[in-house]
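Using the sequences provided together with the hints, build the complete structure.
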Amino acid sequence: MRADTRADELLVVRCQLGERAAFDALAARWYQPLWRYARNLTGNDAAADDATQDIWVGVLRGIDSLRDGARLRSWLFGIGHRVLMSRLRTQYGRLECGDAVLDDHPADDEHETFLHELELSVLMDELGRLPLLEQEVLTLFYLRELSLDDVSHVLGIPPGTVKSRLHRARKMLRQHLTRQGVRT
Amino acid sequence: MTTSPLSTLSDQELSVKARAGHVALLLGSLCMSTITGSLWLTEPGLPQRTSIAFAALTAMGLCWAAYAVYALRRRFRLLALQRVVAARIAFTFCSAATVGSLYLVVEEGVAAAGPACAVFAVMTVVAGFLLARARRNYRALSARKAELERQLGRRE
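If you read the protein sequences in the order shown, they are chains Z and P. Mapping the first sequence onto the working numbering, position 155 (from 1) lands on 155, and the numbers just tick up by one. Mapping the second sequence onto the working numbering, position 100 (from 1) lands on 284, and the numbers just tick up by one.
Think of the hints as simulated: they come from the structure by calculation, not from any bench. Glycine included, C-beta positions come from ideal geometry on N, C-alpha and C. A couple of the hints might just be wrong.
Facing chain Z, a subset of chain P residues (Cβ under 10 angstroms, in silico) [said to hold, decoys possible]: (1) S191; (2) F260; (3) L262.
Cβ pair distances, simulated, as ranges [unchecked claim]: (4) Z/E145 <-> P/C247: 47 to 53 angstroms; (5) P/C247 <-> Z/G156: 42 to 48 angstroms; (6) P/V283 <-> Z/G156: 50 to 56 angstroms; (7) P/G337 <-> Z/K163: 37 to 43 angstroms; (8) Z/L148 <-> P/A202: 27 to 33 angstroms; (9) Z/L148 <-> P/R334: 27 to 33 angstroms.
Shown next as structure tokens:
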């Protein structure tokens, strides 16, 4: 087991025992990764702030039920995924989690909603233009460096579906970048 | 980006006062329901209005107990050490109530205390079970914490 996984498990155990300082240490360690994840999917700072607070409430209310502290990373992003999907469903009534609902060519106004701000790099910008499901799987796998199993756990889908979704997402991102004249 | 909003949220969500309040509410409302329910069911010749009042008080107590259970399960979940303390309070409280009601039945011959004594005895057994489980969980977590600290200390 890696040292950072052990350190995570130790934090979880201290939280479960009821040590107040451990919650602050957990926040200090995980706030930024969770905020960036929320920022990638929501596209703006204020929404990411709100989403991160919702995620944190979920963490505080659920940490005692986390049986395997070594899986903290995927558990946190699992809460993040549920919170963000719930917020996005509320925001865009017809948006649903299922693969079938999001088509590969979303309408311009919906597509526009997910565009990232101009200060992001070309890659991040193009990532932000992908449909939400593809965007999220790339974010978790490449930016948050979760394993296939962990992504599968976070998204609640089989590893095979994660692989196929990753393949589709990479292909779409490559096409976007080619269109922009970026060599892939 | 700062973690301070999360620290404020943690203070609100982890409030010991709120947890202690809900544990007290649960114990108080269960005891009240047990006593009023026992009087309502066993006291002979109660006027109808008094019976209705006892029934209403019993129902109110049970509603408050249900609310406290809901809040403790969803909003203010107790952490390991808090569970040990809460279970110890519950066990002491229920044991005292059982002994008190038993005294009323045996020494004073108060028939109405019989059902209350039985309910308090069941509550004492449940509290004892919860206390044993909370202690076991606390010991397991403490042992795991010591083990992880030892492993991490050795690496450093």
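Quiz item: Is the distance from the Cβ of P/C247 to the Cβ of Z/G156 consistent with 42 to 48 angstroms?
Solution: violated, 36 angstroms
Self-check item: Range hint compliance [Cβ, Z/E145 to P/C247, 47 to 53 angstroms]
Solution: holds, 49 angstroms
Quiz item: Is the hinted range of 50 to 56 angstroms satisfied by the C-beta distance from P/V283 to Z/G156?
Solution: 51 angstroms Cβ-Cβ, so the 50 to 56 angstroms window holds.
Self-check item: Hint check, P/F260 versus chain Z [nearest Cβ-Cβ separation less than 10 angstroms]
Solution: holds, 9 angstroms
Quiz prompt | P/A202 and Z/L148 - C-beta distance against the hinted 27 to 33 angstroms | solution = Since the Cβ atoms of Z/L148 and P/A202 sit about 41 angstroms apart, the hinted range of 27 to 33 angstroms is violated.
Quiz item: Between Z/L148 and P/R334, does the C-beta distance stay in 27 to 33 angstroms?
Solution: holds, 32 angstroms
Quiz item: Would the hint on P/S191 stand, with a C-beta cut-off of 10 angstroms toward chain Z?
Solution: Holds, because the Cβ-Cβ distance from P/S191 to chain Z comes to roughly 6 angstroms (cut-off 10 angstroms).
Quiz item: Holds or violated: P/L262 as interface residue toward chain Z, Cβ cutoff 10 angstroms?
Solution: holds, 8 angstroms
Practice problem: Using the beta carbons of P/G337 and Z/K163, state whether their distance is inside 37 to 43 angstroms or not. | Solution: holds, 39 angstroms
The structure is inconsistent with the numbered hints 5 and 8, although it conforms to all the rest.
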